[in-house]
Each structure stands twice: as structure tokens, then as C-alpha cells.
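Colleague: Residue numbers (my numbering), protein chains in the order written: chain A, 1 to 301; chain B, 302 to 587.
Hints may be right or wrong, so weigh each one.
[As the list claims (entries may be wrong)] Sample of chain B residues with no beta-carbon within 12 Å of chain A, all distances over it, derived:
(1) Ser-329
(2) Arg-377
(3) Gln-448
(4) Asp-519
(5) Leu-558
[Claimed, not checked] Footprint (simulated), chain B over chain A, 3 or more residues, beta carbon under 8 Å:
(6) 155-165
(7) 168-174
(8) 181-192
If you are wondering where the hints come from, they were derived from the structure by calculation, not from laboratory data.
Since the structure is predicted, the reported quantities are computational estimates derived from the model, not experimental observations.
Backbone N, C-alpha and C fix where the C-beta goes; we use that ideal spot for every residue, glycine too.
Listed below are the residues making up each chain.
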Amino acid sequence: MIKTVLKLPSARIALVMLAFIAFITVFGPLLAPYDPLENTAQNLAAPSAAHWFGTDYLGRDVLSRILAGAPLSVASTVLVAGIALVVGAIPGILSVYATAVFEWISLRVVDTFIALPFLVFAVAMTALLGNGMVQAMIAVGLLVSPLFYRVARSATLSVARSQYVEAAVLAGATTGWIVRTHVWSKVLPPIAISLATTLGVGLVVISSLQFLGIGVQPPTPTWGGILASDLGYLPQQPYAPLFPTALILVTVLAFNLLADAIRDAAGESGRSLVGAKAAKANRARRLAASGYSLTPSKEHA
Amino acid sequence: MPEITETGERAPALAVAGLNVDFGRGRSRKRVIDEVSFEIAPGEAVGVIGETGSGKSTIARSVLGLVRPAAGSSVRVAGREVTGLSARELRAHRRTGLVQYVFQDPQRSLDQDLTVGHSVAEPLLLQGVLGRAEIRDAVRREFEEVQLDPALAGRFPAELSGGQRQRVAIARALITKPRLLILDEPVSALDSANRVKILELLARLRSSQVALLFISHDLGSVAGVTERTLVLYRGQLVESGATAQIVNAPEHPYTRLLVGSAPTLSAGSIDRVRRNELRDELHPAG
Numbered sequence: 001m002i003k004t005v006l007k008l009p010s011a012r013i014a015l016v017m018l019a020f021i022a023f024i025t026v027f028g029p030l031l032a033p034y035d036p037l038e039n040t041a042q043n044l045a046a047p048s049a050a051h052w053f054g055t056d057y058l059g060r061d062v063l064s065r066i067l068a069g070a071p072l073s074v075a076s077t078v079l080v081a082g083i084a085l086v087v088g089a090i091p092g093i094l095s096v097y098a099t100a101v102f103e104w105i106s107l108r109v110v111d112t113f114i115a116l117p118f119l120v121f122a123v124a125m126t127a128l129l130g131n132g133m134v135q136a137m138i139a140v141g142l143l144v145s146p147l148f149y150r151v152a153r154s155a156t157l158s159v160a161r162s163q164y165v166e167a168a169v170l171a172g173a174t175t176g177w178i179v180r181t182h183v184w185s186k187v188l189p190p191i192a193i194s195l196a197t198t199l200g201v202g203l204v205v206i207s208s209l210q211f212l213g214i215g216v217q218p219p220t221p222t223w224g225g226i227l228a229s230d231l232g233y234l235p236q237q238p239y240a241p242l243f244p245t246a247l248i249l250v251t252v253l254a255f256n257l258l259a260d261a262i263r264d265a266a267g268e269s270g271r272s273l274v275g276a277k278a279a280k281a282n283r284a285r286r287l288a289a290s291g292y293s294l295t296p297s298k299e300h301a
Numbered sequence: 302m303p304e305i306t307e308t309g310e311r312a313p314a315l316a317v318a319g320l321n322v323d324f325g326r327g328r329s330r331k332r333v334i335d336e337v338s339f340e341i342a343p344g345e346a347v348g349v350i351g352e353t354g355s356g357k358s359t360i361a362r363s364v365l366g367l368v369r370p371a372a373g374s375s376v377r378v379a380g381r382e383v384t385g386l387s388a389r390e391l392r393a394h395r396r397t398g399l400v401q402y403v404f405q406d407p408q409r410s411l412d413q414d415l416t417v418g419h420s421v422a423e424p425l426l427l428q429g430v431l432g433r434a435e436i437r438d439a440v441r442r443e444f445e446e447v448q449l450d451p452a453l454a455g456r457f458p459a460e461l462s463g464g465q466r467q468r469v470a471i472a473r474a475l476i477t478k479p480r481l482l483i484l485d486e487p488v489s490a491l492d493s494a495n496r497v498k499i500l501e502l503l504a505r506l507r508s509s510q511v512a513l514l515f516i517s518h519d520l521g522s523v524a525g526v527t528e529r530t531l532v533l534y535r536g537q538l539v540e541s542g543a544t545a546q547i548v549n550a551p552e553h554p555y556t557r558l559l560v561g562s563a564p565t566l567s568a569g570s571i572d573r574v575r576r577n578e579l580r581d582e583l584h585p586a587g
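So here's chain A without its partners, still in its complex pose:
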């Protein structure tokens, strides 16, 4: 599966983008040229050699704040996706094989999460557990988990009643064997797609929560927080939101590209697609070796 995904150019592009995001997540605080919390007299300064992205309304270096905010921003979205995955996907698979009581209860809990208004629930959670990053992540993770539950349950249901699973049961397979051998490979692609989508969505949602003052509190730098403060000074610095937005955009785009690649590479259609691409590449190589080209040359055009 991973090899098949990596054969797709879109997946390789997504991984390069994610490698860049991972690099600034790990080394961002070390690469920051200034202290991200240090105020200076140069409020709202334009980009210059000293401050590549300019300064914000308190005179803090924007580049330093973006680099220093990377670990918290990325870690929070990974945490959201992780919570949603564990809380959603595992019960989703178990609901098919566990008792009817578990199935009924889990379905009702998921229905409840779907019905809850997002912002009200996030505010209530932070009011109940305190206003911190982890509390906000738990709230968002729980609210995103129904997506994983539905996807995992739906994929498992379609497999659980298939004849090849029945054949495995007749050969003496346990539920664990069936899940590992037959179910997991069918459930993994849609879950991976949901995970990649959630990582992208999570970053935007976390940013929007920070925008509302829920989760990470100022002056701790995060991409969402920087974006929120930049939006207050649009008349002075109309370009300022572009910097954090670009990073959020790159991250979301990379995860979505990866999700699309996983979808394209999954199952029989994925094998066919990759096989067709490999055949086309081989044909092009053979033609090139024999002096022909698949694309018309300038002379013929």
C-alpha cells in the first residue's frame, strides 16, 4: 500500500511539503532569529533585511513568531487527529463485531456528538476542564471523531458480511485474524483519507479556536493566533495575514494531496492506476530509446 502510494507523483509532492512542515516544526524555534515574545519599538514595521516578514503590533518579529509557533500549531492538529482516530475508528470497527448493546450505545453517543453545536461544545469543554491547549484539542477531537466512527464502521460492515470473510471463518479464523487479514486493509484507506483530511481541517479549526481565544493563550505564538492578530491591523499591513496563511495552506494542501493519493492507490483500482502509469512510463522509455517521443516535437508542432 505505502509503495503504491509513493508511486504517485501527487503523494511525493505532498511528502516533500510535509517534510518542509516537519522541518520547521522541529527546528523552527531554533531557527527563529529573534525572541518571539520580545517587544520592540518598531511596531508594524514593513518587511526588511532585519525583519523578513516585518513586525506585529507589539514590535515582535513575525518570522520568529511563525517559526516558534510551528511546533504548537502542528502538534495540536496532530493531537486532534489522534484523539479523533482513537475515539472514532476503534469503536467504529468494534461496533460491527462486539455485542449489540455496545453497537447501540456507540451509535447513540456518535449521534449525540454530531448533534452538538461545535463552538458551544468547545466553549463548554474549556469552561469545564479549563482553558488550555489539551482541553481544546480534546473538544475538537471528540467532535471530529464521528467522522472516523462512521467511516470505519461503514468499511467494516461492507467487509464483515463478505464471502471471503465467511471463508476465513470456515477455516477457523478468529475475529482478530479477520480484522488483521481482511478488514484492516479495506478500512485503512478510508481511515487514512479521513485522517489526512482531519489533519488539514484540524489546523484550520485550531486556528479558528485560537482566533476566538480558546485554547492557547497570548502571547504564546501559534499560526492561528498570529493570523488573528494580523487581521486586526489590515489597514496598516494588508499583506501580513499572508505569511501564517501560506503555512496553514501548505500544510492543509499537503494533507489533502496525500489523502487523494491514498484514495487513488487503494484497492484494485489503485493497483490498476499505478500499473497503467508504470506501463505508460515504460512505453515512453522504450520510445525514447528508439528515438521517438510521445509528445510532438517543435518541428512537428
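Given the coordinates of chain A, assemble chain B onto it according to the supplied hints.
Modeller: Showing chain B alone in chain A's frame:
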């Protein structure tokens, strides 16, 4: 394994006695199998025919433990009573591979994400007795047994034809050396050329001491493979006897109707002869 009876005789591959199966609960309860009894000797090929909904597959599923029979029913496989087994006992019984099942549609009965070699190896992997190399050898032997190129083991089901897929399904069923092979409409999803090849393969299996329970609504297919036939009508066994007798001199009115309705009634005996003639014409000796 109690394969030898108290009198020292080899136990039947399958002995079904007073089998009753009910579907539904309370007022909606309906008896779908009613007092069905029959035996299959080791190496014997028995056909079960009847129209759709007559209960053919339900009998098979009862033997396999996928359907729980009503109290008082008895299903003995190679001398061992299998009704009333706990889930753990049933799993252990299934891992012995004494009974195997071939589904109607090989496209649906093979996991599309596993190579066909992996699917064939699965029963042995579950038994956990043989090592990887031994399992690979067993898979290769079984591919040869069903006249498939062992090199196909690395392919996915979608890369094989319908007939090849059904051969793979049969190889998966045979790899545990079963005493009883249940085939549920094994050729109905195939085109006529592949149907003939699979029927020939099954006829060849009869020499390997595997008892066959061949379920079909197609009397021609049953006649080509089995020596004894059971006729099922609305969950009841209405007639049983030698296949030739069922085909040529049916006694029960339903059997007469079934035989009379078959568009290829003569396929069992005459078509096989005709088939051989055609093959001789196609590949003349010398």
C-alpha cells in the same frame, strides 16, 4: 478424531439425522428444513437438487455450523457430532479442515486485496502447523492439483479469469485435505466452457477419497459429477437415489417436474459422451 465407528467401520464423511432448522422467532418462526436425514460415505459424491428456496444451502450451512439447527438434530462429520459445539470448539473443529466449502461466486469469495496464493494458504496459516516454506510448497502442489500454473499464486483475483478464480477457490478448499467438500452452485457463475472444465476437475477429485456434497439447481451439472442425488422440496427430502435413476426414472411428482423442466436434461450422461467426442475431434489421437 473418531473416524472409526465402534464396529470398526470407517465413519461416514457426513451423517445428518433428523435435521430441523427454523428461521425467525415467535409467531414469525418458520421451519425451513424439516426432518432431513442422509449419509455420505467417504469418497462418495452426492448431489442435492431443488429449486431456489428449497433449503439446499441451509443444509450446507447447518453442516458448516453457520446456521444453528433446532434441538434434536444431529450432524456428524467424520464421526464427530458438530451440533451444540461452543464457539471455541467449533473454531477448533473448523481448523482441522475436515469440511471445506466452495462458494458459488469466486469473485466474491476471494479477497481482492490478497494474492490468490495467500488466499489458498490461509487455512494452513490458521492451522499454524506448517512453516512458511512448507505452506508455499503446499500451495504450489494444490495449484498443480487444480491444473493452475503455480506462477499465478502471486496474482490478485482480478487478474484471473472466472474459471481460474473458481479453481483457486477449490484449491483453497482442498489444501487441508478435507474429508468432505461442500460445493454450493460451484459452476452457476461460470460460462459454459469454464463450467465444463470445473465439472471435469470435480469428477477427477472423486478418485481422491474426498466426499462431495454438490448443491445445485442444475440437474445436468449434478448428474455429471455425482453418483447419488437427494431431491429437496420446501425443506423436505422428497426423493433420494442413484443419480442415473433420479434423472431417468424419477418417482416423486416434484422430481418429475424438476427433471421435466431441465432444459439440458440429458447433459448428465449424453452430453458427457458428446463432450468427449468433441474433444476427440478437437485433439485427434496420434
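Colleague: Hints first: check each against the structure and report whether it holds.
Modeller: Tested hints:
1. Ser-329: At about 19 Å from chain A, B/Ser-329 clears the 12 Å cut-off, so the statement holds.
2. Arg-377: holds (18 Å)
3. Gln-448: holds (21 Å)
4. Asp-519: holds (20 Å)
5. Leu-558: holds (31 Å)
6. 155-165: holds (count 3)
7. 168-174: With 7 residues close enough to chain B, the hint holds.
8. 181-192: holds (count 4)
The structure fails none of the hints (numbered hints given earlier).
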